[in-house]
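Which chain is which? The protein sequence lines are S, C and G, in order.
Under the working numbering, residues 84 to 577 are what the first sequence spells out, in order.
Under the working numbering, residues 130 to 226 are what the second sequence spells out, in order.
Under the working numbering, residues 738 to 1221 are what the third sequence spells out, in order.
Bear in mind the hints are in silico, worked out from the structure with no lab data behind them.
Watch out, some of these pointers could steer you wrong.
Only some residues are given here: those of chain S computed to face chain G with a beta carbon under 8 Å [to be verified]:
hint, residue
1, Ala165
2, Leu178
3, Arg282
4, Tyr411
Virtual Cβ for every residue (Gly too), placed ideally from N, Cα, C.
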Amino acid sequence: MATIAKSAAEIARAVNARECSAREMIDATMARIEAVEPQVGAYLSVLERQARESADALDARIAAGERFPLAGVPLAVKDNLALEGTVTTCGSKMLERWVAPYTATAVRSMLAAGAIPVGKANMDEFAMGSSCENSALGVTRNPYDLQRVPGGSSGGSAASVAAHEATIALGSDTGGSIREPAAFCNLVGFKPTYGRISRYGLIAFASSLDQIGPLARSVEDAALAYDAMAGFDPMDATSLDRAVEPTAGTLREDLHGLRIGVVKQFDTHKLGADIDDVYDRALHDLEALGAEIVEVELPTADYGLATYYLIAPAECSSNLARFDGVRYGLRVEGADVAEMNERTRAAGFGPEVKRRILIGTYALSSGYYDAYYVRAQKARTLVARDFAKAFEKCDLIAAPATSSPAFRFKSKSDPYSMYLMDYYTIPMSLAGLPALSVPCGWVSPEEGGPPMPLGLQLTAPLFAERPLLAAAHAYERATMHAAKHETQLPEAAR
Amino acid sequence: MSSENLDIAYVAKLARIALTDDEVERFGAQLGDLLGHVATLADLDLDSIPATAQVVESRNVVREDCERPSLDRETVLNGAPQRQGAFVRVPRIIGQA
Amino acid sequence: MKYEAVIGIECHVELKTASKMFCGCANRFGAEPNTLVCPVCLGMPGSLPVPNAAAIEYMIRAGLAFKAAIPEYSKFDRKNYFYPDMPKNYQISQYDMPLTQGGVVRYWLDDGTIRECRLTRIHLEEDTGKSTHAGSGDGRIAGSSYSLVDFNRAGVPLMECVSEPDLRSAEEAVAFLEMLRRTLMAIGVSDVKMEEGSLRCDANVSIRPVGSETYGTKTEIKNMNSFRSVRRAIESEIARQSAMLDAGERIVQETLGWDEANGTTISMRSKELAHDYRYFPDPDLVPMEISEERVAGVRATMSPLPIERFERYTKEYGFNIKQTTQLIDAPEIAEFFDRTVEVSQHPQQTQNFVLGDLSRLANESGVAIHRSPVSPQHLGELVALVEAKTINSKIAKELLARMWAGEGSPKAIVEREGLAQTSDPAALARFVDEVLAANAASVEEYRAGKSNVFGFLVGAVMKTSRGKADPAAVNALLRERLGG
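Just chain S, with the same shape it has in the complex (with noise of 0.2 Å):
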């Protein structure tokens, strides 16, 4: 009997055991779709058919005696993923009806892991938002409070795994895209180091920031996914070559012997009693599980959103460029070439892309590179130095993933203040630290609804996945939090 509600490793486990198929996982996860999608929205195009010829080609390879770790495991895969043959839109016009002619790798990876895509997940133009409000192509709801966001951009990721319309969801972080909506759908949500998973067929946002990652409803689930697409690509230069140990196996019950840093300048205070309530107890509970907590200082925190929004939208302005309307996706006509690029980009991009790509062109324009792009540089080698220095004294650091729970719809307005959402995750991805944010307590909002989540982030120094994924994971299996409350969607089956 497939029940969607389990964790990837049981399901692995079941498939492998052929107590049930993956064919009967993915009938499963399709009738759970069918069923919720209609007021979540995860998804921009459901691969139902795709789905059930890969469940069908797998199930005939575990009779044929192979094992897959992800064996039928239901993925819901970021819609600025290539996936050959699938429409790879990015969230926006401009590749709406754009079919990937080629995989990339860490799909590849997943794939070849067992793991059965079931869907491209809705997410914010590419990948430019914390709302998935940025979404030209659907709305994503989220399922903890249908009035309000799932957080971005992989809002559609952390939808589809909060509304078990999936196991494990692949997202893209480049300041915060994971762990943000991870945290506001009481998700673990892993970005790893820098280059630890190759890029390939990521629709770039920010190539320097961008990061592939899982979201996953258990620390388990997410290792289980890292551990498969971890490791050197040939076909991105900037993938990490050096060894991967595998963490899944790993994952610990207490935390004895680990130092975990409390960073001075992110003083939760002024997130309000509530927020800095659930903070303090995270505290306190990775204290009872043996830690010592010890004060660390990041003096250049503050500057850390400046930084982020030189940097970001000038490899943007230039990723984008070749969105111009001649080889693939959308044109636009005019009467030259330029115009035709011109009302295209027009019309192909959203206000958000199009902001940052405006701010971005000037970052790098000629007479202001010194004074933004290369200062931007320079403030992000210290923003590392400061994360250098830190994990002297600590091994980990804890933090909030955000300084509030999901928001409603339309509420933030101007362009800053949803940046601001980014605050506490932009540092990490500056300087290309592994991060993930952990379910770690509810809160009912003022303006009224059901609780809704939060997210302790904790980050580690470059490399170290392993310790990273080992401590959240008894934070986790101590805390239970993200049990404490359903969603507002019918249950699934378990």
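Given chain S's structure and the hints, the job is docking chains C and G onto it.
Frame of chain S; chains C and G shown alone:
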């Protein structure tokens, strides 16, 4: 650092995005705001600090000079907004690269 | 007024790697349009570039060939501008840290004079696709109503070589380009074919009164498709600028196109926007570190450069410019020649064989010299045999034909068949006496003053000796016998 020199029309031309008058005004104001926020970077003493282009210090990642299969031409051309025979067709080009 | 031209050259050279610069598509000229393309070279969403190791090595070779500095640290940058045949609308190039810096091209003029032109830098980048302008009838951009794009060339490794303004005439500019071409060909990094576009060049031209130290306003000439058009375009531009200055007009800094048919430069439409390429380090690529050991390793694999050969051939060997150039411009033959000289120790005689009999055999058979059965070792032996007068030139000729047919070492043949020249006086005397006795009539004629009979008698002696007699010795002996 200041935003007073932000010529949004020039930047939009460089970026090849046609803007309406309304957008020129709105984006101009929003980008001016953002530039105000990023101006805080001027507070940092960065003179002796090296720039970070990439956080991970890999070097010399290359591939061997081996030929690999190309894409099927029909797949490529059918994905293009306009094709003519074996070519991708574009409107007339004014000016050289 | 008398003017001096100041010319700098900027050229783009496609490297002849097997695959493209950042992807595995074949780097091949002349394929069906849009068949050598993949997600990477089409700039498809999500694709990433990975540099071709061979292209980087070729750059090191080029740097070494021109005595450029190879910095320890180098990186790729993005040059941002929109053009429909450039798939990403940025070109991966190198801005402030190119793979080679400085250097000098030492080239020779037709009279053998050696000149120098400094290089600013050589950097590595990717080529664009190709647009065909259509709808106007003549394939030109002006007046066309649409363009057709072929992306096969997009992403081909391209070396951009920028010279200092050290050239002073069209003749020097062409000689410089010829030197650049023969050097890049000799080090095996490019075919350097202007007609296939694997060498493309622009010239920056200004003039100034002779004796002046300051530069005049320069113009940039594009669209020159052959060395001949480079020469004509520069000459025409110098004449145009001179006429303008003489008429008291000012030169406008602009880009000009060379109109081959009309033999004039024409102003190209200036762009609406000034260039603002927004260079920044490409975040998809990591920096390159080139160690001294690596440079030394590349240096060790390089054969002699054309300029080195030129100086050796003309100065040490005393060859004339024409023969020297002929040898150098066929690098494989020059290589064959050099290796032969190592064995023969006689450059002039070796050159006679290589450019003479051996070239004739090659032409007749259609087999290149360096691919023929004649090895440098064997040809060297043959030359040495001739020089040591072990065999005479007639035998040498016959031997060469047999070597060409695959018979191997001439030394071995000579020993096996006893073909060594006879210089034994007794044997020679016997041959001479035999001939004199058998040709009494001719002897009489000679003595009566018909001196041309002498040659016939020498030939008869050679024939009697079956070619082994040393012709010089035969000459001497005959004269002696005939009484001078």
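Exercise for review: Answer holds if the nearest beta-carbon of chain G is closer than 8 Å to that of Leu178 of chain S; otherwise answer violated.
Suggested key: holds, 7 Å
Review point. Holds or violated: Tyr411 of chain S as interface residue toward chain G, Cβ cutoff 8 Å?
Key: holds, 7 Å
Point to revise | Hint status (Cβ of Ala165 of chain S to nearest Cβ of chain G, threshold 8 Å) | key: Where the cut-off is 8 Å and the nearest Cβ of chain G is about 5 Å from Ala165 of chain S, the hint holds.
Review point. For the hint on Arg282 of chain S, does the least C-beta distance to chain G fall short of 8 Å?
Key: Status holds, d = 6 Å.
Consistency with the previously given hints is maintained throughout, with no hint failing.
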